[in-house]
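K.L.:
Chain H is already provided as a structure; the job is to place chain C on it using the hints.
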Amino acid sequence: MKIVDRRDEAPGVRTLKLEFQNPADHEHFKQTFRTGMFGLYGVYGEGESTFCVASPETRKDYIECTFRQSGRVTSVLASADIGDLITYRGPYGNRFPIENFYGKNLIFVSGGIALPPTRSVIWSCLDQREKFGKVTIVYGARTVADLVYKHELEEWEKRDDVDLVLTVDPGGESPDWKHRVGFVPTVLEQAAPSPENCIAVICGPPIMIKFTLISLKKLGFDETNVYTTLENRMKCGVGKCGRCNVGSVYVCKEGPVFTAAEVSRMPQADL
Amino acid sequence: MTRILLSDKLDNCVARWRKAGLTVIGPVKKETSSSYATVEKAADFDFGIVLPDRSIKGLFFPQTEPMMGYTIKKQDIATNDFAPPTEKRIIFGARSCDASGLAIDDPLFGWDYKDDFWFQRRNETVIVTIACTKADDFCMCTSLKLAPDSTKGSDVLLRPLQNNKGWLVEELTDRGREAFKEIADLLLDGSEQAAPLAVVPEKFNLDACVAWLKNPENFDSTFWKEISMRCIGCGSCTFLCPTCHCFDFQDEGDTYSGIRRKNWDSCSFSLFTMHTSGHNPRSTQSARWRQRIMHKFNYFPGKFSVNSCSGCGRCTRQCPVDMGITETLQAISTLKP
Chain H
1 MKIVDRRDEA
11 PGVRTLKLEF
21 QNPADHEHFK
31 QTFRTGMFGL
41 YGVYGEGEST
51 FCVASPETRK
61 DYIECTFRQS
71 GRVTSVLASA
81 DIGDLITYRG
91 PYGNRFPIEN
101 FYGKNLIFVS
111 GGIALPPTRS
121 VIWSCLDQRE
131 KFGKVTIVYG
141 ARTVADLVYK
151 HELEEWEKRD
161 DVDLVLTVDP
171 GGESPDWKHR
181 VGFVPTVLEQ
191 AAPSPENCIA
201 VICGPPIMIK
211 FTLISLKKLG
221 FDETNVYTTL
231 ENRMKCGVGK
241 CGRCNVGSVY
251 VCKEGPVFTA
261 AEVSRMPQAD
271 L
Chain C
1 MTRILLSDKL
11 DNCVARWRKA
21 GLTVIGPVKK
31 ETSSSYATVE
41 KAADFDFGIV
51 LPDRSIKGLF
61 FPQTEPMMGY
71 TIKKQDIATN
81 DFAPPTEKRI
91 IFGARSCDAS
101 GLAIDDPLFG
111 WDYKDDFWFQ
121 RRNETVIVTI
131 ACTKADDFCM
141 CTSLKLAPDS
151 TKGSDVLLRP
161 LQNNKGWLVE
171 ELTDRGREAF
181 KEIADLLLDG
191 SEQAAPLAVV
201 PEKFNLDACV
211 AWLKNPENFD
221 STFWKEISMR
231 CIGCGSCTFL
241 CPTCHCFDFQ
251 DEGDTYSGIR
261 RKNWDSCSFS
271 LFTMHTSGHN
281 PRSTQSARWR
291 QRIMHKFNYF
301 PGKFSVNSCS
311 GCGRCTRQCP
321 VDMGITETLQ
331 AISTLKP
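Those protein sequences? They're chains H and C, same order as listed.
Numbered per my numbering, the first sequence finishes at 271, counting up by one with no gaps.
Numbered per my numbering, the second sequence finishes at 337, counting up by one with no gaps.
Isolated chain H, as found in the complex:
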């Protein structure tokens, strides 16, 4: 795929906007992609990395992926220029069943570099805003600088049909920070969304997911109304290479999207 745009989101975090070179591949993507699915992006000579498709299912002319530069592949992707070609396989995995969310209130809870998968769902819903009830987004990062999609956070903040709650970890605030300070689960409990007719979509580092699930339980959310996406290390994406499973569940095939009820049935020690 060809890089048609790139954007720095936070220190070390970059978004690439990609366009298909082959019409057949694009057609396949249009037919199959639904929000929550992931792809394997790569550079020949370096390898492949797994990221979610960060763009929504309502915008299928391109793919956006957002990643933190940290390893061999992401370092090369980060230095790739507009016009460069990179490899892509996918989309793989299951999806957020957003048609089941119609008519319901939505709360999105996300931390750090995990906003990209959540953002795909957020825009998939906001692009058909009339089909959903109240939309609340709780997003936190370690520091103000680490918040990703800052331009979109501004946009969501301005919208009167979206409630945005931003937070940074204690010590991560800047002098002019006007939003909250505290860990995501704590801030979520303070925001206290009603579990009534509400779907929660959460994504973050494993430790955040763990405590956010506890907070949502405290708030009265039913486990079947809470969705999350697990992003384990993967190589093949087609259920063979043997590393992404949590217990008997293959994240690449049966996931990455699971309800909290499904996650609670997994062996917690292997999450």
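The set of hints was computed from the structure by calculation and includes no laboratory data.
Some hints could be false.
Unchecked claim - Once the Cα atoms are required to be at most 25 Å apart in a straight line, the calculated PhoX-like pairs of lysine-lysine come out as:
id: 1; chain 1: C; residue 1: Lys9; chain 2: C; residue 2: Lys114
id: 2; chain 1: C; residue 1: Lys73; chain 2: H; residue 2: Lys2
id: 3; chain 1: C; residue 1: Lys9; chain 2: C; residue 2: Lys134
id: 4; chain 1: H; residue 1: Lys30; chain 2: C; residue 2: Lys114
id: 5; chain 1: C; residue 1: Lys41; chain 2: C; residue 2: Lys19
id: 6; chain 1: H; residue 1: Lys17; chain 2: C; residue 2: Lys165
id: 7; chain 1: H; residue 1: Lys60; chain 2: H; residue 2: Lys17
id: 8; chain 1: C; residue 1: Lys30; chain 2: C; residue 2: Lys41
id: 9; chain 1: H; residue 1: Lys253; chain 2: H; residue 2: Lys218
id: 10; chain 1: C; residue 1: Lys74; chain 2: H; residue 2: Lys2
id: 11; chain 1: C; residue 1: Lys114; chain 2: H; residue 2: Lys253
id: 12; chain 1: C; residue 1: Lys29; chain 2: C; residue 2: Lys165
id: 13; chain 1: C; residue 1: Lys19; chain 2: C; residue 2: Lys9
id: 14; chain 1: C; residue 1: Lys88; chain 2: C; residue 2: Lys30
id: 15; chain 1: H; residue 1: Lys253; chain 2: C; residue 2: Lys214
id: 16; chain 1: C; residue 1: Lys181; chain 2: H; residue 2: Lys17
id: 17; chain 1: H; residue 1: Lys253; chain 2: C; residue 2: Lys30
P.N.:
Only chain C this time, still in chain H's reference frame:
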């Protein structure tokens, strides 16, 4: 009346098969180790080997294999997918556990995405298994509800004659019948008796083990830590295993050209599941050993209705610290489910 292949006709058979374009492969002893390797004449075979050190797996799923190549010129990327090899082969003298291992992995390589590299080789290879008349202390096929003469995964089963001068021939599949048509005139009719099969005592109660593994409470048992304390995470057991199938992709080359390879990988390695962030879902050796046992006897059968173990015993036989599936399952047999 059964068909018999006499050992002194084997040289002829090998020549016939080679003439017919088949690569003949069999158990071969080299200086320090044994494996399934290409043979040119009957004398190359070593049927005295109880079980070759290396399993048959590598002949279908090589330790390393190029999947595709790439060349980059300015903004043009040209890729070429490597086609699976079309070489026709006959493996003469496979062990029943090794042949079973292939059949066990078929559904794995076939579900969702069909791995042509595996299936092309499977389709082009005739497997002639020789039932075991010898076993060693590590053999445990019977514990896995298999036997020294299991036919699973085999195209032809040979039973050694009591007089040790040849084999009784049981053709099992069309692929096997086809290959044996080439040597039909070299077979005799006879009524000789087959030699008694190797006695492989049952080492553990598989059903009891599976019941224990399926109980979610036992996932967090301290048993895992105790049993895996010695594991040094070398991965030998996974590489020697006829059913272990985990792999990795690696690119080899430079900015302008190279190949993408599929390499064996191992759930015993600490980096296997490590996230870029540093988080590792299976961060201890005991978690990794638990994964290996759980995968073979709980997760894999849950998906494909067959245990991912054919009882060859290599994991124990060649473990540098004397661990292995046998010891673990023997210990589990004694636990309360």
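K.L.:
Indicate, hint by hint, whether the structure satisfies it.
P.N.:
These are the hints, each one checked on the structure:
no.: 1; hint: C:Lys9 - C:Lys114; result: violated, 39 Å
no.: 2; hint: C:Lys73 - H:Lys2; result: holds, 15 Å
no.: 3; hint: C:Lys9 - C:Lys134; result: holds, 23 Å
no.: 4; hint: H:Lys30 - C:Lys114; result: holds, 23 Å
no.: 5; hint: C:Lys41 - C:Lys19; result: holds, 12 Å
no.: 6; hint: H:Lys17 - C:Lys165; result: violated, 70 Å
no.: 7; hint: H:Lys60 - H:Lys17; result: holds, 12 Å
no.: 8; hint: C:Lys30 - C:Lys41; result: holds, 15 Å
no.: 9; hint: H:Lys253 - H:Lys218; result: violated, 31 Å
no.: 10; hint: C:Lys74 - H:Lys2; result: holds, 13 Å
no.: 11; hint: C:Lys114 - H:Lys253; result: holds, 14 Å
no.: 12; hint: C:Lys29 - C:Lys165; result: holds, 21 Å
no.: 13; hint: C:Lys19 - C:Lys9; result: holds, 15 Å
no.: 14; hint: C:Lys88 - C:Lys30; result: holds, 24 Å
no.: 15; hint: H:Lys253 - C:Lys214; result: holds, 21 Å
no.: 16; hint: C:Lys181 - H:Lys17; result: violated, 60 Å
no.: 17; hint: H:Lys253 - C:Lys30; result: violated, 42 Å
The structure does not agree with the numbered hints 1, 6, 9, 16, 17 stated previously, though it agrees with the rest.
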